[in-house]
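Peer 1: Go by the hints and put chain P onto chain X.
Spelled out from the first residue to the last, the chains are:
There are 2 protein chains.
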Amino acid sequence: MDFELIKSQLNDQPMGKIVLLVMDGLGDIPMEEGGKTALEAASTPNMDALAQKSMLGLHQPIRTGITPGSGPAHLGLFGYDPVQYKVGRGVLSGLGIDFDIQTNDVAARGNFCTVDEQGRVIDRRAGRIPTEITVRLCELLSEKVNIPGVEVFLRPVKEYRFLLVIRGEGLNANIEETDPLVVGEKPLPAKAVDSESEKAAEIVQEFVRQAEKILADEHPANMLLLRGFAKLPDWPLFPEVYGLKPLAIAMYPMYRGVAKLVGMDVMPAAQSYEEEFEMLEEKWEDYDFFFVHIKKTDSYGEDGNMPAKVHEIEKVDALLPRILALDPSVVIITGDHSTPCAMKSHSWHPVPVLFYAKTCRPDEIPQFGERACLRGGLGVRFPAYDLMTLALAHAGRFEKFGA
Amino acid sequence: MDFELIKSQLNDQPMGKIVLLVMDGLGDIPMEEGGKTALEAASTPNMDALAQKSMLGLHQPIRTGITPGSGPAHLGLFGYDPVQYKVGRGVLSGLGIDFDIQTNDVAARGNFCTVDEQGRVIDRRAGRIPTEITVRLCELLSEKVNIPGVEVFLRPVKEYRFLLVIRGEGLNANIEETDPLVVGEKPLPAKAVDSESEKAAEIVQEFVRQAEKILADEHPANMLLLRGFAKLPDWPLFPEVYGLKPLAIAMYPMYRGVAKLVGMDVMPAAQSYEEEFEMLEEKWEDYDFFFVHIKKTDSYGEDGNMPAKVHEIEKVDALLPRILALDPSVVIITGDHSTPCAMKSHSWHPVPVLFYAKTCRPDEIPQFGERACLRGGLGVRFPAYDLMTLALAHAGRFEKFGA
Chain X
2 MDFELIKSQL
12 NDQPMGKIVL
22 LVMDGLGDIP
32 MEEGGKTALE
42 AASTPNMDAL
52 AQKSMLGLHQ
62 PIRTGITPGS
72 GPAHLGLFGY
82 DPVQYKVGRG
92 VLSGLGIDFD
102 IQTNDVAARG
112 NFCTVDEQGR
122 VIDRRAGRIP
132 TEITVRLCEL
142 LSEKVNIPGV
152 EVFLRPVKEY
162 RFLLVIRGEG
172 LNANIEETDP
182 LVVGEKPLPA
192 KAVDSESEKA
202 AEIVQEFVRQ
212 AEKILADEHP
222 ANMLLLRGFA
232 KLPDWPLFPE
242 VYGLKPLAIA
252 MYPMYRGVAK
262 LVGMDVMPAA
272 QSYEEEFEML
282 EEKWEDYDFF
292 FVHIKKTDSY
302 GEDGNMPAKV
312 HEIEKVDALL
322 PRILALDPSV
332 VIITGDHSTP
342 CAMKSHSWHP
352 VPVLFYAKTC
362 RPDEIPQFGE
372 RACLRGGLGV
382 RFPAYDLMTL
392 ALAHAGRFEK
402 FGA
Chain P
2 MDFELIKSQL
12 NDQPMGKIVL
22 LVMDGLGDIP
32 MEEGGKTALE
42 AASTPNMDAL
52 AQKSMLGLHQ
62 PIRTGITPGS
72 GPAHLGLFGY
82 DPVQYKVGRG
92 VLSGLGIDFD
102 IQTNDVAARG
112 NFCTVDEQGR
122 VIDRRAGRIP
132 TEITVRLCEL
142 LSEKVNIPGV
152 EVFLRPVKEY
162 RFLLVIRGEG
172 LNANIEETDP
182 LVVGEKPLPA
192 KAVDSESEKA
202 AEIVQEFVRQ
212 AEKILADEHP
222 ANMLLLRGFA
232 KLPDWPLFPE
242 VYGLKPLAIA
252 MYPMYRGVAK
262 LVGMDVMPAA
272 QSYEEEFEML
282 EEKWEDYDFF
292 FVHIKKTDSY
302 GEDGNMPAKV
312 HEIEKVDALL
322 PRILALDPSV
332 VIITGDHSTP
342 CAMKSHSWHP
352 VPVLFYAKTC
362 RPDEIPQFGE
372 RACLRGGLGV
382 RFPAYDLMTL
392 ALAHAGRFEK
402 FGA
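Here the protein sequences line up with chains X and P, keeping their order.
Just so we're aligned, residue 2 is where the first sequence starts under the numbering used here, counting upward by one.
Just so we're aligned, residue 2 is where the second sequence starts under the numbering used here, counting upward by one.
For reference, chain X alone in the conformation it holds in the complex (with noise of 0.2 Å):
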């Protein structure tokens, strides 16, 4: 949406609670001709009886045909064009992994990767080593690298995968990657795109120098390699533009990385569903926006188990009572984008929404699933970002457009 716009609308009232609720991955397709999809095979009397008082339809995440990613995706639902506000890899590898980056780091994704004795790289993957020996290198790494006047900090991700952040001044990430992308090659030099850059890419470079003498003798990672570099980005926050005091509420780190990027308040990590709505019910009379965070509706997508999709989606429906109990003014139901258990992957088919209000215009569907969202008051592959607008309406947050 328009930002400018939004805060132009703004009005300075007292306002109503909302409440956005996602389940990572809602959306599915059937397993098989004439099946149903995870969220109509569910039992969801909660969620059927609100949808009958609510607005039903059907968000697309970043555009037409395209398949998000979990941040870009979260952007939409908070209202940022995922296509304008874009996220380097490097900080959303940060996000994944509950690392604090701060305003001037600069941060990247590496590989622990094989070389051979021309130092050309052999395997990108050194043999996809397993988490803890990732573990042991950032460890031997962050113990012995020394580049004066920065700190430069090493974090295992999965298997191969670790971060690599450098904490200094005047610091800036326009920096093509050191990953060759072919076998056969050396790393390339870590070059900076622009003048404002040079510096953190001579910091890169002595990094990698130092890396490669203290990974020498290392069996299969003997080197490193470097992409998506990037900065904190400098966008316009959540309580500014919206007026809004916003909690954020979720068991993984990425949910709650990406939240805080927006500027949300954010939770610890719960431990189950039940104490994320503890949180939601103790926090309720300090915030006035809460986004609370499902994930392992996306994880069984990913697994192709459908029946636990199911299982999980129906004891969110068991808690939803628990929301409705605070009295919200509004309450969103989506997913950040479809996992279909089908393909076993993130999609870009569009994602069920059901949009309750005290003030909405009921479609009285009495029934909360895809097919049924085709007929709802929202439409059809309306952009996610859509819904942020539509629920500071109905918060009763805008004032008229014009006389």
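Just so you know, these hints were derived from the structure itself, not from any lab.
In this text the structure is predicted, and so the values were computed from the model without any measurement.
Be aware that one or more of the hints could be misleading.
Note: identical chains are not told apart, hence a pair may lie in one copy or across any two.
As the list claims (entries may be wrong) - The calculated EDC-like cross-link candidates involving lysine to aspartate or glutamate, where the alpha carbons are at most 16 Å apart (straight line), are: (1) Lys-87 <-> Glu-5; (2) Lys-54 <-> Glu-199; (3) Lys-401 <-> Glu-303; (4) Lys-261 <-> Asp-101; (5) Lys-8 <-> Glu-241; (6) Lys-192 <-> Asp-235; (7) Lys-192 <-> Glu-170; (8) Lys-18 <-> Asp-287; (9) Lys-345 <-> Glu-33; (10) Lys-54 <-> Glu-33; (11) Lys-345 <-> Glu-400; (12) Lys-54 <-> Glu-34; (13) Lys-192 <-> Glu-178; (14) Lys-359 <-> Asp-3; (15) Lys-18 <-> Glu-283.
Peer 2: This is chain P only, laid out in the frame that chain X set:
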């Protein structure tokens, strides 16, 4: 769609095959109150069965309320926003008669006209002389015009209309038309709009001077007028933007021409629908995108002949199983625009779309028709150019956006 976004998301996976079956002018409106459209009235058991497994919707070829010509309407279906990607009239005219316009050519549409003794236009269409006379005059001019350094081609189009092509080096086509558009005025000089077009404008002026003398004793076609000077556009091409190997199968030159413009391979003109489908089967292994064009649905719409249009749709329905037998990943059945029998012309009405894909989430609507499409998951009045992006997604062609 955003070609940069599409290109940035392409993977290098082997992909499923896509068939785009276009029934020209398919969309319609009822002939009388409470009546059916041609597509609704047609008996289409094969399309209806496929609809049950597909997504339906209605595309908008250009913009709300805008009636498309055939060229722009097809560009939209090929994923090129026709408002952004404009083809000059001279080039379209050449495409329509199968003239092989080259990169450096300047093409224009011509009219034979009648002038009085002072050289003032008294009939802009020379009494609508029949095509045979235009054929003879084009041959006469081709034989007698002589301009050093360039080749000049004249080709009859229909009645008083012809195509002019000038072939040479360093020619540009920003040239003002010579048609005064009103009677009682002399033909205008062919003025260059920019300095790059001065050479071509001088050649056009010399051509007009020679033609005036050659035609002086003809009656009523004793002069000519030129409009729509244009060169071949320099656009991103289909194979490059989409990573697809495309083939066009069409009976009429215009459609083969537009396909050629975007970089498709083009089959020679077929003589029947059966022959078009034989070409599709024969070339199935060699390409991964197939554009199959059906002309007569439009022709009968222009004639206002609803029963004949219904019959053409039924003929295509009977051939549909031959496409499905090839096991495509994606089949799109639609029109380029509407040609309502009740209006006897192209129109702006949204066009029904049936989008079948192995990975689609079926709407489970058991009928293909304008009103049935209102309830479909593609939505109503979405831009035609979205279809290509969606086809690429369902053919497994895209990487994830972000992490």
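Peer 1: Hints first: check each against the structure and report whether it holds.
Peer 2: Hint check results:
1. When the C-alpha separation of Lys-87 and Glu-5 is checked against a cutoff of 16 Å, the pair qualifies only between copies, where the shortest distance is 15 Å, while the shortest distance within a copy is 19 Å.
2. In the homo-oligomer, the alpha carbons of Lys-54 and Glu-199 never lie at most 16 Å apart, since the shortest distance is 58 Å inside one protomer and 56 Å across protomers.
3. Only between protomers do Lys-401 and Glu-303 lie at most 16 Å apart by alpha-carbon distance; the minimum there is 14 Å, versus 44 Å within a single protomer.
4. Proximity of Lys-261 and Asp-101 under a CA criterion of 16 Å is satisfied intra-copy only: 10 Å inside one chain copy versus 54 Å between copies.
5. Taking identical chains as interchangeable, the C-alpha atoms of Lys-8 and Glu-241 lie at most 16 Å apart only when both belong to the same chain, with a minimum of 8 Å there against 35 Å between chains.
6. Proximity of Lys-192 and Asp-235 under a CA criterion of 16 Å is satisfied in neither setting, with 23 Å inside one chain copy and 33 Å between copies.
7. Neither within a single protomer nor between protomers do Lys-192 and Glu-170 lie at most 16 Å apart by alpha-carbon distance, with minima of 19 Å and 43 Å respectively.
8. Proximity of Lys-18 and Asp-287 under a CA criterion of 16 Å is satisfied intra-copy only: 10 Å inside one chain copy versus 54 Å between copies.
9. Taking the shortest alpha-carbon separations for Lys-345 and Glu-33, only the intra-copy value of 14 Å comes in at or below 16 Å, while the best inter-copy value is 44 Å.
10. For the identical chains of this complex, Lys-54 and Glu-33 are inter-copy neighbours only, at 11 Å across copies versus 31 Å inside a copy, given an alpha-carbon limit of 16 Å.
11. Proximity of Lys-345 and Glu-400 under a CA criterion of 16 Å is satisfied inter-copy only: 15 Å between copies versus 45 Å inside one chain copy.
12. Taking identical chains as interchangeable, the C-alpha atoms of Lys-54 and Glu-34 lie at most 16 Å apart only when they sit on different chains, with a minimum of 7 Å there against 31 Å within one chain.
13. When the C-alpha separation of Lys-192 and Glu-178 is checked against a cutoff of 16 Å, the pair qualifies only within one copy, where the shortest distance is 8 Å, while the shortest distance between copies is 52 Å.
14. In this assembly of identical chains, the alpha carbons of Lys-359 and Asp-3 never lie at most 16 Å apart, being 25 Å within a copy and 36 Å across copies at closest.
15. In this assembly of identical chains, the alpha carbons of Lys-18 and Glu-283 lie at most 16 Å apart only when taken from the same copy (14 Å versus 54 Å across copies).
Taken one by one, the earlier hints fail for this structure at numbers 2, 6, 7 and 14, listed in ascending order.
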